[in-house]
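> Here is what each chain is made of, one letter per residue.
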Amino acid sequence: MSNDVDNSLNDKEQVNPRRQFLGWSAAIAGLAIAPGVTLFDLAHGRPADEPASSKIRWGMLIDSTKCASGCDDCVSACGKENGFSGMSETDSQWIRKIELKDLRTGNSHSLPMMCQHCENPPCVDVCPTGASFKRADGIVLVDRHICIGCRYCMMACPYKARSFVHQEIENQNPDVPRGKGCVEACTLCVQRIDNDLQPACVEACSSKAMLFGDLNDPNSEISKRIATSATTQVRADLNLNVGIRYQGI
Amino acid sequence: MVSLAKLRDMLTWQRGAAIAALLMASVAAVASADAHEESSSGRVPVPVHPEGKGDKCVRDTAYMRRHHMELLKHHRDETVHKGIRTTEFSLKNCVACHASKDTNSVLGKNGFCQSCHSYAAVTLDCFECHASKPKAATPFHSALNQDGRAGDGGLASGERQESQTTPVEQITTSGASK
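Going line by line, the protein sequences match chains G and S. Just so we're aligned, residue 219 is where the first sequence starts under this note's numbering, counting upward by one. Just so we're aligned, residue 171 is where the second sequence starts under this note's numbering, counting upward by one.
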């Protein structure tokens, strides 16, 4: 027994450089079995080097009967994730709370309103530079590298979803670059979706009034809910086929 | 008095010597170029390169000096439009690695990006939108308190409470007086 221990110690002392090299290569080979295949799960629904696919259409279902009046968890979570405080009048607003009131009955309820991520987005139609675009998985975005800040898209949007950045911005979230002179809107927290997380507002909603998921997948929770209960698209008359649906309005 | 021919001879010899001296000087300059680049005490404010956090860059230094902007531009289009989020050529990773240990930023007089860009007189506008500091382990907005609101702006608590209320749109349906 003691001999064995001694031998192993001796081995350790006289490490052959070639053997060491072999050991290292084995370790590296263990980490990456083949290109794109690793032993460790990187917690991605989609590998980082794979583009977003049109097989998925991201959407959201908002149950306004659950949405608490006066609660702004979603709004503040959005500001925290994307880097605006909502303190100044000209600050961007990617999501806002709306109170709906029926004057006849006095019934009132509350809901969050943001970019509806249309299938046929008017903002993309009017953009003169191609900065406004729809990603393959249905998320409507602004490419700030191309945006010239003309604000046509703000005029075109029926949901008042877009904001213009008027002032210089500092201390951005490294995942959410934002700067003066560009139009911006809800990105469905694309930086989080690409890392297999839910949008910040959905995660923050304490009354579970927001449900995020893939509208193209018949087995997703959101598809099942939409198939079984009555949901509404805001301004359905415009035929934009929005990705955000509401329940109870 | 010196004859014209002799004068011409003298000038030729002087010109030859001058050319030789120039050649030698230029060889010496090329040889010491690398050494000069690292010092910022000279007359010309040369770029400084704060030590990065990683072992080595994704490509060799000579390639990166000439082509980093192409790598970044290609990667930005892939990321924004297609959602490809590999880390090798992402600006976020450049910043994470190259941020100066003193200022934790790639900007500033001795910042990795800015010092070289100002030396080369090339506008650097990445950081008008992109963060020039790596993502902190703590919530990125140090000025934000738990509510996600900018805190401690010198407001009295009552005033702050008032300004914190989210502007709520009032929309009336069906029975609206319109």
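Simulated from the structure, these hints should not be mistaken for lab results. Built from N, CA and C at the ideal position, the CB exists for glycine as well. Heads up, some of the hints might be wrong.
[What the hints assert, rightly or not] Rough simulated footprint, nothing fancy, chain S against chain G, three-plus residues with beta-carbon under 8 angstroms: (1) 268-275; (2) 332-341; (3) 354-362; (4) 386-394.
[As the list claims (entries may be wrong)] Which bits of chain S does chain G cover? Going by a derived footprint, with three or more residues having C-beta under 8 angstroms, they are: (5) 248-255; (6) 295-304.
> Against each hint, give a clear statement of whether it holds in the structure.
Going down the list of hints, with the structure as the test:
1. 268-275: Answer holds; 3 residues pass the 8 angstroms Cβ test.
2. 332-341: Since three or more residues must qualify, the claim that chain S covers the segment 332-341 of chain G is violated, with 0 doing so at under 8 angstroms.
3. 354-362: holds (count 5)
4. 386-394: holds (count 7)
5. 248-255: holds (count 7)
6. 295-304: holds (count 6)
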